[in-house]
Amino acid sequence: MVTSSLHTTDTEVEFADDIQLVSTTDLKGDITYANPAFCQVAGYRLEEMLGQHHNLVRHPDMPKAAFADLWAHLQAGKPWRGMVKNRCKDGRYYWVDAYVTPIYEDGAYSGEVEQPFRPT
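Numbering (full-length UniProt numbering), first residue to last: 1 to 120.
Don't read these hints as lab results, they were simulated from the structure.
Fair warning: this is a prediction, and the values are worked out from it, not measured in the lab.
Note that beta-carbon positions come from the ideal geometry of N, C-alpha and C, so glycine has one too.
Just so you know, not all the hints are guaranteed correct.
Only pairs whose alpha carbons sit at most 25 Å apart, straight line, appear in this in silico DSS-like list of lysine-lysine [to be verified]:
| id | residue 1 | residue 2 |
| --- | --- | --- |
| 1 | Lys64 | Lys78 |
| 2 | Lys28 | Lys64 |
| 3 | Lys28 | Lys78 |
Quick list of simulated restraints, FRET-style, between CB atoms [what the hints assert, rightly or not]:
| id | residue 1 | residue 2 | range |
| --- | --- | --- | --- |
| 4 | Ile19 | Pro79 | 35 to 43 Å |
| 5 | Thr8 | His53 | 28 to 36 Å |
| 6 | Asp17 | Ser110 | 27 to 35 Å |
| 7 | Gly82 | Asp18 | 36 to 44 Å |
| 8 | Asp17 | Gly51 | 29 to 37 Å |
| 9 | Gln75 | Glu14 | 18 to 26 Å |
| 10 | Glu105 | His53 | 16 to 24 Å |
| 11 | Tyr109 | Glu14 | 33 to 41 Å |
| 12 | Pro119 | Pro36 | 19 to 27 Å |
Model the full structure from these sequences, guided by the hints.
In structure tokens, the structure reads:
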């Protein structure tokens, strides 16, 4: 299990505009997939992320209301889009323009896919 302190720095991680960070979660919000770009920007190995709650990368500056809104949209079967400040393993941060959509398997809501891009 990865433990993540709330240590943060004022250093932003920037990544190219054409880089797409992709992750999927189950109904509990635990990470079931993360593409190599997401792992690289966040500073984690895939093995460290799998099974961990997606709040592993949540920056403490992000208001809880933003995530309450995200979950309300997903529970209603609707996608959500918003600016999110994430925290890297080493405490640095990065911004994403996140687009999160529900995943359905056999007609039942089973998780989410997040496809964030670098804000422009």
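Status of each hint after checking the structure:
1. Lys64 with Lys78: holds (19 Å)
2. Lys28 with Lys64: holds (17 Å)
3. Lys28 with Lys78: holds (17 Å)
4. Ile19 with Pro79: 35 to 43 Å: Given about 21 Å between the Cβ atoms, the range is violated.
5. Thr8 with His53: 28 to 36 Å: violated (18 Å)
6. Asp17 with Ser110: 27 to 35 Å: holds (31 Å)
7. Gly82 with Asp18: 36 to 44 Å: Violated, since glycine 82 and aspartate 18 (Cβ atoms, about 21 Å apart) do not stay within the stated range.
8. Asp17 with Gly51: 29 to 37 Å: holds (31 Å)
9. Gln75 with Glu14: 18 to 26 Å: Violated, since glutamine 75 and glutamate 14 (Cβ atoms, about 33 Å apart) do not stay within the stated range.
10. Glu105 with His53: 16 to 24 Å: For histidine 53 against glutamate 105, whose Cβ atoms are near 20 Å apart, the range 16 to 24 Å holds.
11. Tyr109 with Glu14: 33 to 41 Å: Distance hint for tyrosine 109, glutamate 14 holds at roughly 34 Å.
12. Pro119 with Pro36: 19 to 27 Å: Once the Cβ atoms are compared, 21 Å apart, the range 19 to 27 Å for proline 36 and proline 119 holds.
Violated hints, in rising order: 4, 5, 7 and 9; the structure is consistent with all others.
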